[in-house]
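Colleague: This is what each chain is made of:
Protein chains: 2
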Amino acid sequence: MIQWSRFRTSDGRLGFGVIVDERIVECDGDFYTGPRPTAVSFALDEVTLLSPCTPSKIVALWNNFHALAAKLAKPVPRHPLFLIKPGSSVAGPGEAITRPAGYGGKIAFEGELGIVIGKPCKDVAESEAADYILGYTCVNDVTARDLQTKDGQWSRAKGFDTFCPVGPLVTDEIDPWKGVAVGVRVNNDVRQDGNTRDFIFALDVVIRHIAQAMTLFPGDLIATGTPSGVSPIVAGDVVEVSVAGVGVLRNLVADE
Amino acid sequence: MIQWSRFRTSDGRLGFGVIVDERIVECDGDFYTGPRPTAVSFALDEVTLLSPCTPSKIVALWNNFHALAAKLAKPVPRHPLFLIKPGSSVAGPGEAITRPAGYGGKIAFEGELGIVIGKPCKDVAESEAADYILGYTCVNDVTARDLQTKDGQWSRAKGFDTFCPVGPLVTDEIDPWKGVAVGVRVNNDVRQDGNTRDFIFALDVVIRHIAQAMTLFPGDLIATGTPSGVSPIVAGDVVEVSVAGVGVLRNLVADE
Chain A
1 MIQWSRFRTS DGRLGFGVIV DERIVECDGD FYTGPRPTAV SFALDEVTLL SPCTPSKIVA
61 LWNNFHALAA KLAKPVPRHP LFLIKPGSSV AGPGEAITRP AGYGGKIAFE GELGIVIGKP
121 CKDVAESEAA DYILGYTCVN DVTARDLQTK DGQWSRAKGF DTFCPVGPLV TDEIDPWKGV
181 AVGVRVNNDV RQDGNTRDFI FALDVVIRHI AQAMTLFPGD LIATGTPSGV SPIVAGDVVE
241 VSVAGVGVLR NLVADE
Chain B
1 MIQWSRFRTS DGRLGFGVIV DERIVECDGD FYTGPRPTAV SFALDEVTLL SPCTPSKIVA
61 LWNNFHALAA KLAKPVPRHP LFLIKPGSSV AGPGEAITRP AGYGGKIAFE GELGIVIGKP
121 CKDVAESEAA DYILGYTCVN DVTARDLQTK DGQWSRAKGF DTFCPVGPLV TDEIDPWKGV
181 AVGVRVNNDV RQDGNTRDFI FALDVVIRHI AQAMTLFPGD LIATGTPSGV SPIVAGDVVE
241 VSVAGVGVLR NLVADE
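Line by line, the protein sequences give chains A and B. Position 17 (the first sequence) corresponds to 17 in our numbering; numbering is contiguous. Position 165 (the second sequence) corresponds to 165 in our numbering; numbering is contiguous.
These aren't lab readings, by the way, just hints derived from the structure by calculation. Only a predicted model underlies this, so the values are computations on that prediction, with no experimental measurement involved. Do not take every clue at face value.
What the hints assert, rightly or not - Each computed SDA-like pair below joins lysine to any residue, with the alpha-carbon atoms no more than 25 Å apart:
| # | chain 1 | residue 1 | chain 2 | residue 2 |
| --- | --- | --- | --- | --- |
| 1 | A | K122 | B | R99 |
| 2 | B | K71 | A | R145 |
| 3 | A | K71 | B | D151 |
| 4 | A | K122 | A | Q212 |
| 5 | A | K150 | B | D198 |
| 6 | A | K150 | B | A202 |
| 7 | B | K119 | A | T98 |
| 8 | A | K150 | B | R99 |
| 9 | A | K74 | B | D146 |
| 10 | A | K122 | B | F201 |
| 11 | B | K122 | A | R145 |
| 12 | A | K150 | B | V18 |
| 13 | B | K122 | A | D151 |
| 14 | A | K122 | B | K119 |
| 15 | A | K71 | A | Q212 |
| 16 | B | K150 | A | D204 |
| 17 | B | K119 | A | G102 |
| 18 | B | K106 | B | L72 |
| 19 | A | K122 | B | Y103 |
| 20 | B | K119 | A | G12 |
| 21 | A | K122 | B | D151 |
| 22 | A | K74 | B | K122 |
| 23 | B | K122 | A | D204 |
| 24 | A | K150 | B | Y103 |
| 25 | B | K122 | A | L252 |
| 26 | A | K150 | B | F201 |
| 27 | A | K122 | A | F217 |
Said to hold, decoys possible - Just so you have them, the derived chain B footprint on chain A, three or more residues with Cβ under 8 Å:
| # | stretch |
| --- | --- |
| 28 | 183-191 |
| 29 | 204-216 |
| 30 | 234-241 |
For every residue, glycine included, the Cβ atom is placed at its ideal position computed from N, Cα and C.
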């Protein structure tokens, strides 16, 4: 049972560490294969938390909640459906979600549970899929709604810089198979209030399906789909994605 | 005027270098900011050429040739259309394009000119876009055709491991604005025979449009769209993508 994050110190140095008793204990070595705690630690409010991973790709599921599929009158898919968000779209906790230059349309939040992959993963059985999970985090799959239909492919609508806030930490202390609450508040109003019990595809099925297509690397992120309740956000809004047992990912929306 | 590639020596060491008089002169330093030639060189047939870049993302255009849009009766788009192929889909010259496990449908080649980005690129003017190009290469945007329609989003159909052969080298010795031949042969039969003169969007427009959405990093790859003539390939086929002035990217198709 462990919690990890990446951080920047007040003098601009980057580090990573494990969170123990509200302090972050800096580690050296490789984050995925052998982090070694050092004697250095910081209070959480002494450092700026960064996205806890720097994914080479984000695999984002869509149509993975029964209630949302029913609401949108979409058929339940026969296998997990996904698209790729680029690593360049990642934002850290507290970082602004920035409206793209030249885009005046709607921007929507989509609160999701994120899976952080811990080791290279290709062609794995469902029974082994959980072994490749380092832990879980919160993800906001921000979307330029007007471009989704217009472009046809969603890579641009979901791929803008800052359109994938991730954090504030990664933990292995939750069990999404047993049901974990996933929610979003905007300016403190509840907008999404889902639970992983409503997943169309369990996470072992999801990982097997994705890893049948492509190699997942340590730090790669799977955004597991959003429950119902997505709606637009505008400059000045504070969006909070929460996953029970993980924490709250808070980001301000800003104009260009 | 220069040609670069990455390679693996016969004893398994990885390196990169510049190609001079049919030999590859190994470099050290950073490939993008300051490669320094060493005294070591190899004949091209002494080493295995690898994909000349290891992109963090591949931005793949679709519907960027007038003749193909006309043939498919697709309207000419008002701006470049693209999707993301993950870096994990890259294959080197000579590497097999492998049929995904459990997929029995059609696989198609799509020969394309590739742009390799040389420095971080975001929000650039069209007049400056060419400054961010390191050089050009050949790309095969391999596609599991049956999944493209079925999934809706094309990330899986175009994102399988080995579905993005790249190479054999990067060169700045061609000028796609003036017209460069882009073709494909399968088992020595000509299947595609296009020219960048038929692009719907010139490359400065393409780069400005993509970099308005997302930061491009050194080594990122833009696949600039395929001309008409795409067709299925099967195990045993030899697919050769050629870009005039770059060379020939040759890959065998293999069953799982």
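Colleague: So, for every hint listed, does it hold in this structure?
Modeller: Quick rundown of the hints versus the structure:
1. A:K122 / B:R99: holds (14 Å)
2. B:K71 / A:R145: violated (30 Å)
3. A:K71 / B:D151: holds (20 Å)
4. A:K122 / A:Q212: holds (6 Å)
5. A:K150 / B:D198: Between K150 (chain A) and D198 (chain B) the Cα gap is close to 24 Å, so the pair holds against 25 Å.
6. A:K150 / B:A202: The given pair, whose Cα atoms are some 21 Å apart, holds under the 25 Å limit.
7. B:K119 / A:T98: holds (23 Å)
8. A:K150 / B:R99: violated (32 Å)
9. A:K74 / B:D146: Answer holds: K74 (chain A) to D146 (chain B) is near 21 Å, not above 25 Å.
10. A:K122 / B:F201: violated (37 Å)
11. B:K122 / A:R145: holds (22 Å)
12. A:K150 / B:V18: violated (43 Å)
13. B:K122 / A:D151: holds (20 Å)
14. A:K122 / B:K119: violated (31 Å)
15. A:K71 / A:Q212: Distance ~30 Å between K71 (chain A) and Q212 (chain A) Cα, so the pair is violated.
16. B:K150 / A:D204: Between K150 (chain B) and D204 (chain A) the Cα gap is close to 22 Å, so the pair holds against 25 Å.
17. B:K119 / A:G102: holds (23 Å)
18. B:K106 / B:L72: holds (18 Å)
19. A:K122 / B:Y103: holds (15 Å)
20. B:K119 / A:G12: holds (23 Å)
21. A:K122 / B:D151: Distance ~20 Å between K122 (chain A) and D151 (chain B) Cα, so the pair holds.
22. A:K74 / B:K122: Violated, because 36 Å separates the two Cα atoms, which is more than 25 Å.
23. B:K122 / A:D204: violated (37 Å)
24. A:K150 / B:Y103: violated (30 Å)
25. B:K122 / A:L252: Given that 25 Å is the threshold and the Cα spacing comes to 22 Å, the pair holds.
26. A:K150 / B:F201: holds (18 Å)
27. A:K122 / A:F217: holds (9 Å)
28. 183-191: violated (count 0)
29. 204-216: holds (count 5)
30. 234-241: n = 0 at 8 Å, threshold three: violated.
When the structure is compared with the earlier hints, violations turn up for hints 2, 8, 10, 12, 14, 15, 22, 23, 24, 28, 30 and for no others.
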